[in-house]
Amino acid sequence: MELTLNLDKIQSDNVSKYAKTILDKQNPYKNFKIENYKYAQLHRDIKSETLLRDIDISELLRISKNISSLTSNPVDLASDLNLWKYKNDDSFFRVSSLLKRDTSSINLDLIDDKNLFLDISQINENIHFFKSSKNVINLIIMNSKSNDEYPKSIFFDISNNSNLNVIHFNISNYKSFLYFESNLQDNSHLNFVSFQSDNIHTRNEFYASLNLECNFDLFGLNINNYGVNDNYSFIQHLKPSSSSREIFKSIVEKGAITNFQGKIYVDSIAQKTDGYQMSRSLLLDDISKANNKPELEIYADDVKCSHGSTVSKLDEDQIYYFKSRGIDSEMAKKILKKAFIAEIIESIKDDNLREYSNNIIESLLT
Amino acid sequence: MLEIKNLHVSIEEKKIIKGLNLLINKGEVHALMGPNGSGKSTLSYVLSGKDKYEIDDGTIEYNEKNLLELDVDERANEGLFLAFQYPMEIPGVQTSFFLKTAINSKRKYLGHSEMDALEFAKLMKSKAEELNINTEMLKRDLNVNYSGGEKKKQEILQMSMLSPKMAILDETDSGLDIDALRIVSEGVNKLRSKENSFLVITHYQRLLNYIKPDFVHIIADGRIVKSGDYSLALELEEKGYEEISKSA
Numbered sequence: 001m002e003l004t005l006n007l008d009k010i011q012s013d014n015v016s017k018y019a020k021t022i023l024d025k026q027n028p029y030k031n032f033k034i035e036n037y038k039y040a041q042l043h044r045d046i047k048s049e050t051l052l053r054d055i056d057i058s059e060l061l062r063i064s065k066n067i068s069s070l071t072s073n074p075v076d077l078a079s080d081l082n083l084w085k086y087k088n089d090d091s092f093f094r095v096s097s098l099l100k101r102d103t104s105s106i107n108l109d110l111i112d113d114k115n116l117f118l119d120i121s122q123i124n125e126n127i128h129f130f131k132s133s134k135n136v137i138n139l140i141i142m143n144s145k146s147n148d149e150y151p152k153s154i155f156f157d158i159s160n161n162s163n164l165n166v167i168h169f170n171i172s173n174y175k176s177f178l179y180f181e182s183n184l185q186d187n188s189h190l191n192f193v194s195f196q197s198d199n200i201h202t203r204n205e206f207y208a209s210l211n212l213e214c215n216f217d218l219f220g221l222n223i224n225n226y227g228v229n230d231n232y233s234f235i236q237h238l239k240p241s242s243s244s245r246e247i248f249k250s251i252v253e254k255g256a257i258t259n260f261q262g263k264i265y266v267d268s269i270a271q272k273t274d275g276y277q278m279s280r281s282l283l284l285d286d287i288s289k290a291n292n293k294p295e296l297e298i299y300a301d302d303v304k305c306s307h308g309s310t311v312s313k314l315d316e317d318q319i320y321y322f323k324s325r326g327i328d329s330e331m332a333k334k335i336l337k338k339a340f341i342a343e344i345i346e347s348i349k350d351d352n353l354r355e356y357s358n359n360i361i362e363s364l365l366t
Numbered sequence: 001m002l003e004i005k006n007l008h009v010s011i012e013e014k015k016i017i018k019g020l021n022l023l024i025n026k027g028e029v030h031a032l033m034g035p036n037g038s039g040k041s042t043l044s045y046v047l048s049g050k051d052k053y054e055i056d057d058g059t060i061e062y063n064e065k066n067l068l069e070l071d072v073d074e075r076a077n078e079g080l081f082l083a084f085q086y087p088m089e090i091p092g093v094q095t096s097f098f099l100k101t102a103i104n105s106k107r108k109y110l111g112h113s114e115m116d117a118l119e120f121a122k123l124m125k126s127k128a129e130e131l132n133i134n135t136e137m138l139k140r141d142l143n144v145n146y147s148g149g150e151k152k153k154q155e156i157l158q159m160s161m162l163s164p165k166m167a168i169l170d171e172t173d174s175g176l177d178i179d180a181l182r183i184v185s186e187g188v189n190k191l192r193s194k195e196n197s198f199l200v201i202t203h204y205q206r207l208l209n210y211i212k213p214d215f216v217h218i219i220a221d222g223r224i225v226k227s228g229d230y231s232l233a234l235e236l237e238e239k240g241y242e243e244i245s246k247s248a
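Residue numbers (our numbering), protein chains in the order written: chain B, 1 to 366; chain L, 1 to 248.
No lab work stands behind these hints, which were simulated from the structure alone.
Note that the Cβ used here is the ideal one computed from N, Cα and C, for glycine as well.
The reader is advised that the hints may include incorrect statements.
PhoX-like cross-link-like pairs, simulated, lysine-lysine; straight-line CA separation at most 25 Å [said to hold, decoys possible]: (1) B:K30 / B:K47; (2) L:K52 / B:K333; (3) B:K334 / L:K52.
With the C-beta cut set under 10 Å, the calculated list includes, among others, these residues of chain L facing chain B [to be verified]: (4) S48; (5) D71; (6) V72; (7) N77; (8) L80; (9) P91; (10) F98; (11) I103; (12) Y109; (13) M115; (14) L118; (15) F120; (16) A121; (17) Q158; (18) K165; (19) A180.
Quick list of the computed label-pair ranges, beta carbon to beta carbon [what the hints assert, rightly or not]: (20) B:Y150 / L:D116: 50 to 60 Å; (21) B:Y150 / L:K52: 49 to 59 Å; (22) B:V136 / L:K108: 14 to 24 Å; (23) B:D350 / L:S113: 27 to 37 Å; (24) L:D229 / B:L284: 50 to 60 Å; (25) B:E49 / L:S193: 28 to 38 Å; (26) B:E316 / L:S113: 25 to 35 Å; (27) L:S174 / B:D89: 50 to 60 Å; (28) B:Y150 / L:P91: 39 to 49 Å; (29) L:G148 / B:D186: 44 to 54 Å; (30) B:E316 / L:E243: 33 to 43 Å; (31) L:S113 / B:N124: 45 to 55 Å.
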């Protein structure tokens with residue numbers, strides 16, 4: 001399959017030479033050797049016979065306010081496309097989604113609800129969110145039953161002293177390729193949790209740019225997947241004293257392939273950066289695969305950065321301990337899987353949303 | 001209650017238990033003493049049903065059932081309990097949740113309804129108090145960052161909440177200070193009744209000062225070489241394993 005793009009748009013708009021080069025030379029749909037996309041298998045059409053489950057998250061989360069009813073404003077394509085602020089790392093998804101789709105903006109400051117729900121699978125456009133108030137907002141982004149080979153982008157611009165919590169449910173998708181870009185201004189905070197379950201071919205890119213004294217938490221969970229499911233992150237610290245904390249966990253079984261590639265970049269002036277990255281995979285059988293590739297790129301000399309990666313099985317001795325207390329092995333395994341992923345659910349800040357999300361994940365766990 | 005006949009067990013081709021016979025009746029407390037490597041812990045694992053152990057010969061009858069045909073969890077739900085020498089640490093699983101799941105698994109197996117949260121909390125609180133366990137500890141992950149003594153107490157708490165018919169204590173005294181030893185022993189003694197049996201495995205006679213056994217057996221090289229009453233434990237303390245085994 002080859003990604004065809006609307007070439008009229010490329011010529012008519014003021015598209016940079018950079019964008020054209022990316023489309024030409026960095027197209028992972030044509031070339032499977034591009035480093036950042038090397039496990040995602042975008043050049044293949046991955047299918048599964050499985051009929052994906054229907055799961056209504058909005059009901060389970062008890063959120064009624066759907067953000068799609070709000071008016072949104074179109075964003076100028078050219079400015080977004082050419083405004084590439086990321087160092088030594090190119091996203092084909094970003095460039096192609098901006099050329100393929102229109103982009104709408106949503107100003108989160110205009111909304112008076114604390115919890116907002118947006119089903120992006122029902123929207124064809126890219127979305128650019130803005131947040132500058134100090135109010136706590138929990139934005140729930142749902143993506144389900146997508147079957148779209150074109151990447152879609154979601155941008156977050158968080159102004160000075162502002163903060164945002166995002167929960168992303170990526171559930172029961174046939175094909176879904178998403179690009180998330182978060183730009184954090186001085187003293188801002190973003191807590192981002194991505195729950196991924198029951199998917200066949202997905203890739204999520206998480207790009208984040210951190211300025212002075214801001215804080216970015218990124219937690220990912222990947223369970224019950226089929227086919228190939230890929231997560232890529234690039235977190236750059238551009239100014240001093242910011243912290244980022246990133247934890248991805250996956251449970252891989254039934255021949256699925258789960259990938260995580262993540263990079264922390266620390267600019268030479270970003271002293272006192274505190275960066276942490278951990279990816280852990282639980283492999284339940286010997287036909288499944290987990291690829292984890294952590295990277296650090298550090299140009300400052302006074303920073304605290306660490307990363308780690310593990311792949312393990314369920315511990316037979318732990319299962320024996322459960323069984324010795326009368327708990328059968330099926331239940332023991334479920335409890336141990338739950339224990340493995342608990343940290344991700346715990347990272348949700350809002351008490352109610354954490355509880356509801358916990359119920360959702362519990363019902364999804366097999 | 002439990003009858004072991006001519007038991008032969010090996011692990012990875014190495015023979016560990018070589019023709020062991022043992023009969024434990026309802027209401028009896030038996031102590032099994034022996035030096036390192038004599039097969040004490042292997043026996044406890046075989047009784048609980050851990051795999052990796054090869055049963056080469058012999059039979060084990062438990063409550064008129066063939067124990068060797070039951071899976072580990074079935075044995076537990078039939079009332080067999082092994083207090084481990086080295087309890088597993090389970091990160092991410094709260095101790096109280098583990099206890100509740102264990103109790104409800106047993107109730108389900110026996111065809112009873114689940115215990116509700118309030119009833120469970122009451123039971124846990126009263127049993128924990130008996131064992132001088134701080135209930136705050138039960139909110140922590142199972143055995144994670146517990147001291148050696150806390151782990152052992154936690155095992156005894158599990159035992160007292162599951163009230164087994166046949167309890168095996170595998171070196172429960174190791175790593176306990178005098179106070180913890182007394183508390184743990186009292187917990188065991190509270191469970192003693194005409195209906196329950198115990199197999200207490202230990203190196204030292206000290207534990208038997210607190211938990212008075214009806215019978216004492218000396219195990220050496222995979223067989224019981226001498227049996228007697230409590231006075232055998234005292235004799236052992238005086239003479240040591242080597243001399244007792246020789247005289248047998």
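Comparing the hints with the structure gives:
no.: 1; hint: B:K30 / B:K47; result: holds (18 Å)
no.: 2; hint: L:K52 / B:K333; result: holds (20 Å)
no.: 3; hint: B:K334 / L:K52; result: holds (23 Å)
no.: 4; hint: S48; result: holds (5 Å)
no.: 5; hint: D71; result: holds (7 Å)
no.: 6; hint: V72; result: holds (4 Å)
no.: 7; hint: N77; result: holds (4 Å)
no.: 8; hint: L80; result: holds (9 Å)
no.: 9; hint: P91; result: holds (7 Å)
no.: 10; hint: F98; result: holds (7 Å)
no.: 11; hint: I103; result: holds (8 Å)
no.: 12; hint: Y109; result: holds (7 Å)
no.: 13; hint: M115; result: violated (13 Å)
no.: 14; hint: L118; result: violated (20 Å)
no.: 15; hint: F120; result: violated (15 Å)
no.: 16; hint: A121; result: violated (19 Å)
no.: 17; hint: Q158; result: holds (6 Å)
no.: 18; hint: K165; result: violated (13 Å)
no.: 19; hint: A180; result: violated (21 Å)
no.: 20; hint: B:Y150 / L:D116: 50 to 60 Å; result: holds (52 Å)
no.: 21; hint: B:Y150 / L:K52: 49 to 59 Å; result: holds (53 Å)
no.: 22; hint: B:V136 / L:K108: 14 to 24 Å; result: violated (42 Å)
no.: 23; hint: B:D350 / L:S113: 27 to 37 Å; result: holds (35 Å)
no.: 24; hint: L:D229 / B:L284: 50 to 60 Å; result: holds (52 Å)
no.: 25; hint: B:E49 / L:S193: 28 to 38 Å; result: violated (58 Å)
no.: 26; hint: B:E316 / L:S113: 25 to 35 Å; result: holds (32 Å)
no.: 27; hint: L:S174 / B:D89: 50 to 60 Å; result: holds (55 Å)
no.: 28; hint: B:Y150 / L:P91: 39 to 49 Å; result: holds (41 Å)
no.: 29; hint: L:G148 / B:D186: 44 to 54 Å; result: holds (50 Å)
no.: 30; hint: B:E316 / L:E243: 33 to 43 Å; result: holds (41 Å)
no.: 31; hint: L:S113 / B:N124: 45 to 55 Å; result: holds (52 Å)
When held up to the earlier numbered hints, the structure conflicts with 13, 14, 15, 16, 18, 19, 22 and 25 and fits the remainder.
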